[in-house]
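Student: Dock chain B against the given chain A, drawing on the hints supplied.
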Amino acid sequence: ETGVTQTPRHLVMGMTNKKSLKCEQHLGHNAMYWYKQSAKKPLELMFVYSLEERVENNSVPSRFSPECPNSSHLFLHLHTLQPEDSALYLCASSQDRWGETQYFGPGTRLLVL
Amino acid sequence: AQKITQTQPGMFVQEKEAVTLDCTYDTSDQSYGLFWYKQPSSGEMIFLIYQGSYDEQNATEGRYSLNFQKARKSANLVISASQLGDSAMYFCAIESQTGANNLFFGTGTRLTVIP
Numbered sequence: 001e002t003g004v005t006q007t008p009r010h011l012v013m014g015m016t017n018k019k020s021l022k023c024e025q026h027l028g029h030n031a032m033y034w035y036k037q038s039a040k041k042p043l044e045l046m047f048v049y050s051l052e053e054r055v056e057n058n059s060v061p062s063r064f065s066p067e068c069p070n071s072s073h074l075f076l077h078l079h080t081l082q083p084e085d086s087a088l089y090l091c092a093s094s095q096d097r098w099g100e101t102q103y104f105g106p107g108t109r110l111l112v113l
Numbered sequence: 114a115q116k117i118t119q120t121q122p123g124m125f126v127q128e129k130e131a132v133t134l135d136c137t138y139d140t141s142d143q144s145y146g147l148f149w150y151k152q153p154s155s156g157e158m159i160f161l162i163y164q165g166s167y168d169e170q171n172a173t174e175g176r177y178s179l180n181f182q183k184a185r186k187s188a189n190l191v192i193s194a195s196q197l198g199d200s201a202m203y204f205c206a207i208e209s210q211t212g213a214n215n216l217f218f219g220t221g222t223r224l225t226v227i228p
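These protein sequences, in sequence, are chains A and B.
Quick note on this note's numbering: the first sequence kicks off at 1 and runs consecutively.
Quick note on this note's numbering: the second sequence kicks off at 114 and runs consecutively.
Wrong hints could be hidden among the right ones.
[Stated by the list, open to error] Just some of the chain A residues that point at chain B, by a computed CB distance under 7 Å:
| # | residue |
| --- | --- |
| 1 | M46 |
| 2 | F104 |
| 3 | L111 |
[Claimed, not checked] With a straight-line cut-off of 20 Å between C-alpha atoms, the simulated DMTMM-like cross-links for lysine to aspartate or glutamate are:
| # | chain 1 | residue 1 | chain 2 | residue 2 |
| --- | --- | --- | --- | --- |
| 4 | B | K183 | B | D142 |
| 5 | B | K116 | A | E100 |
| 6 | A | K22 | B | E157 |
FYI, nobody ran anything at the bench for these hints, they're computed from the structure.
Please read all numbers here as calculations on a predicted model, not as lab measurements.
Positions of the beta carbon are idealized from the N, C-alpha and C atoms, including for glycine.
With the rest of the complex left out, here is chain A:
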C-alpha cells in the first residue's frame, strides 16, 4: 500500500462515452501526475499538478481533461476516446515538484471499444 489509490481499477467504454478516472493520495504530497502506459512503450507523462495548479501538459489531446480540486485528489475526465487510448493510466504523487520520489497508484486499465 503506497498511499495512492485509483478508481476504477478497470474500465471499458465506448468511443462516445464520458467517464472519469479518480486518484487520491493520502501522503500529504503537493504534486500529482497522470501517466499513460501503452503496451511495449515507456510511460508517458500526461499532466502535472503542483499545489493544485497545472504546471505541465505534454501535448495531450483535448479528449483528456484533468482536474485537481485539492492537493489530495486528481481526476482525469475522458470523452470521445479512440481505441488507441486503451492503456494503463497511472497516477503518482510526490512531496514537491522538484527532485522528489514519485509514488504510484495501482493504475486504471482502460479499454476503449
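Tutor: What follows is chain B alone, placed relative to chain A:
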C-alpha cells in the same frame, strides 16, 4: 533531453541467485536522479531505489543495490537472493533536477524468477 535505455526485454534468474538488470542513460544535465521501479502484474509501480548523480556511494535498499557508473552513464540494478515474488517488470527512470524535473522511463525488463 533525457533518455533511458534498457536493452534486456526479458531476464531469467534462479531463485536465491543474484541478477543484474541493465540501464544506461543519456542526459546533458549535471544534476539528475536515477530511479528503479518494479511493476508486478497488478499494475502498480513500486519505488525500489534512488541514486543521485552526486552521490559517491552506490545506493542500497535491502536486497536491491544500484551499480552506478557515472562515466559510463549506467545505473544497473542488482537484486540479490532472488525470490519468486521478484518476478515483475522493472523500469529504470531518470529525473533532471534542473528545469522541468520530469521522470523519463525506459521500456522495462521483465524478470522471471525460476523455482
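Student: Please go over all the hints and tell whether each is borne out by the structure.
Tutor: Against the structure, the hints come out as follows:
1. M46: violated, 11 Å
2. F104: holds, 4 Å
3. L111: violated, 14 Å
4. B:K183 / B:D142: holds, 12 Å
5. B:K116 / A:E100: Since the Cα atoms of K116 of chain B and E100 of chain A sit roughly 19 Å apart, the hinted pair holds (cutoff 20 Å).
6. A:K22 / B:E157: holds, 15 Å
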